[in-house]
Amino acid sequence: MSIEILVYILGGLTVGSALMVVLSKHPIRSVMYLILTFFLISANYIMLNAQFVAIVNMMVYAGAIMVLFLFVLMLLNLSKENEPKSSLLVKIASALAGGSLLLVLVAAIKDIVVLQVAEKVTDNASGLVQNLGHLLFTKYVLPFEVSSILFIAAIVGAVLLAKRESQIIE
Amino acid sequence: MLEKLILVGIIFTISLVIAMYATYFERKVAAWFQDRIGPDRAGPFGLLQPLADGVKMFLKEDFIPRNSDKWLFIMGPGIAMFTSLMTSTIIPWGPDIVTASGNIVLQVADFDIGILFILGVVSVGVYGIMIGGWASNNKFSLFGAIRASSQMISYELAMGISVITIVMMTGSLSLRDITEAQHGMNWNIFYQPLAFVIFFVCSLAELNRAPFDLAECESELIGGYHTEYGSMKLGFFLFAEYVGMFISSAVISILFFGGYNFPGMDMVEGNTLAVLGVVALFVKIFFFIFVIMWIRWTLPRFRFDQLMHLGWKTLIPLALINLLVTGLVIAFTSGWFN
Numbered sequence: 619m620s621i622e623i624l625v626y627i628l629g630g631l632t633v634g635s636a637l638m639v640v641l642s643k644h645p646i647r648s649v650m651y652l653i654l655t656f657f658l659i660s661a662n663y664i665m666l667n668a669q670f671v672a673i674v675n676m677m678v679y680a681g682a683i684m685v686l687f688l689f690v691l692m693l694l695n696l697s698k699e700n701e702p703k704s705s706l707l708v709k710i711a712s713a714l715a716g717g718s719l720l721l722v723l724v725a726a727i728k729d730i731v732v733l734q735v736a737e738k739v740t741d742n743a744s745g746l747v748q749n750l751g752h753l754l755f756t757k758y759v760l761p762f763e764v765s766s767i768l769f770i771a772a773i774v775g776a777v778l779l780a781k782r783e784s785q786i787i788e
Numbered sequence: 014m015l016e017k018l019i020l021v022g023i024i025f026t027i028s029l030v031i032a033m034y035a036t037y038f039e040r041k042v043a044a045w046f047q048d049r050i051g052p053d054r055a056g057p058f059g060l061l062q063p064l065a066d067g068v069k070m071f072l073k074e075d076f077i078p079r080n081s082d083k084w085l086f087i088m089g090p091g092i093a094m095f096t097s098l099m100t101s102t103i104i105p106w107g108p109d110i111v112t113a114s115g116n117i118v119l120q121v122a123d124f125d126i127g128i129l130f131i132l133g134v135v136s137v138g139v140y141g142i143m144i145g146g147w148a149s150n151n152k153f154s155l156f157g158a159i160r161a162s163s164q165m166i167s168y169e170l171a172m173g174i175s176v177i178t179i180v181m182m183t184g185s186l187s188l189r190d191i192t193e194a195q196h197g198m199n200w201n202i203f204y205q206p207l208a209f210v211i212f213f214v215c216s217l218a219e220l221n222r223a224p225f226d227l228a229e230c231e232s233e234l235i236g237g238y239h240t241e242y243g244s245m246k247l248g249f250f251l252f253a254e255y256v257g258m259f260i261s262s263a264v265i266s267i268l269f270f271g272g273y274n275f276p277g278m279d280m281v282e283g284n285t286l287a288v289l290g291v292v293a294l295f296v297k298i299f300f301f302i303f304v305i306m307w308i309r310w311t312l313p314r315f316r317f318d319q320l321m322h323l324g325w326k327t328l329i330p331l332a333l334i335n336l337l338v339t340g341l342v343i344a345f346t347s348g349w350f351n
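Residue numbers (the numbering used here), protein chains in the order written: chain F, 619 to 788; chain B, 14 to 351.
Don't take each hint at face value.
[Stated by the list, open to error] Computed cross-link-like contacts, DSS-like style, restricted to lysine-lysine with a CA-CA straight-line distance of at most 25 Å:
no.	chain 1	residue 1	chain 2	residue 2
1	B	K69	B	K83
2	F	K781	B	K152
3	F	K643	B	K152
4	F	K728	F	K643
5	B	K83	F	K643
Please keep in mind that the hints were generated in silico from the structure rather than gathered at the bench.
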């Protein structure tokens, strides 16, 4: 019973902080709430006994990617005075776009069928590093390697974009 | 449950007391290196100096700059302190203590993901400095914060890769298993000297200690990220550095120097072993705290481009080569190519 209450509290906090990302006016505050959201998602993973995914989520998203977000935002010098003023047309357009996205999401959620989770999936040990590693290097080795090739391609592309044009020609 | 709570309390107190006396020790070491006497006024040999410093910090005016982001300004030192204390939860402090009602494990939590937890918390630790530096609304603070964050991201990579070699040798991420695998004198430093050097340099960089203290470089940035801070908020930033020093010395001792293992540990058993093990671990920790101070008072500070050059073009390739060689050796010795 107490576990169930914990799950609800955690879920509520996660949704709440995710909402605050969108609702807070200041970009730095938004990023702070986003970091908090990542932490809470990690906590949710731990509740599912997926420790490895939880810690990797914390390291990669909260620890590295969000540092870069914060880094860029700090350099942008965002304050109330020099906030870009958007025209009415832009506001209407964004409201329409956001509204249609909401419509699509609601339509998708409406048709959702909650599957009964089999007992085997919620096995206590399934999220531990050893089992996850075994699966990654046996059953899912091809998708795993393909996705790492994708990552390398992305890294090479980023390095190429960051270089000056004269350097590329040489 | 109760014993864990007591253990948490003890570890918390020990971390703070050691960090407190590390400040005293640092000044004594500095004095020794510069042929001075160092603090000797407060109490015998100046032993009450940390208390005097603490009282002074608390009694200063707690000032928040007018144009700062008030909440984030307060949160900065808090996050710095919180993250540096959090890592101590998974450090195995010694062999089990044997009592009549069962063994007491000298470790708050033995996660399956041990060392990853430390890397994760360390990577979050930079937020304290970043938020504090940004919220101060001072360009020097911002520079300090930006330097700190880019430095942390750069050195985390090499640090992670050098840890992977240890994980490959042990076959486990748990710090308890890594310690158990180095029984007696079978320490990882003899197999992985290069990984040790890389890890040690990276932990100096992650700690923001000299020669990597560019985030608080006083000759260029006044005080870096804590320029606008005063009172105990400044104290928290400084204190977090010393707590971090204690914890990272503990991690280095566990990963490379056998943790609580010591030569001749098979001759004793039971509670004698537990006590001697804890003593052995703390001797190693104190040695590394001293080495970190030694480096600070010996080497000059890096220039920022040199720092980035060392991180990306020297340490990461070295760590990758080390990883590759380790992998090949493991593959050959376990006969995968036969």
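Each hint tested on the structure:
1. B:K69 x B:K83: holds (23 Å)
2. F:K781 x B:K152: violated (28 Å)
3. F:K643 x B:K152: holds (23 Å)
4. F:K728 x F:K643: violated (31 Å)
5. B:K83 x F:K643: Holds. K83 of chain B to K643 of chain F sits at ~16 Å (cutoff 25 Å).
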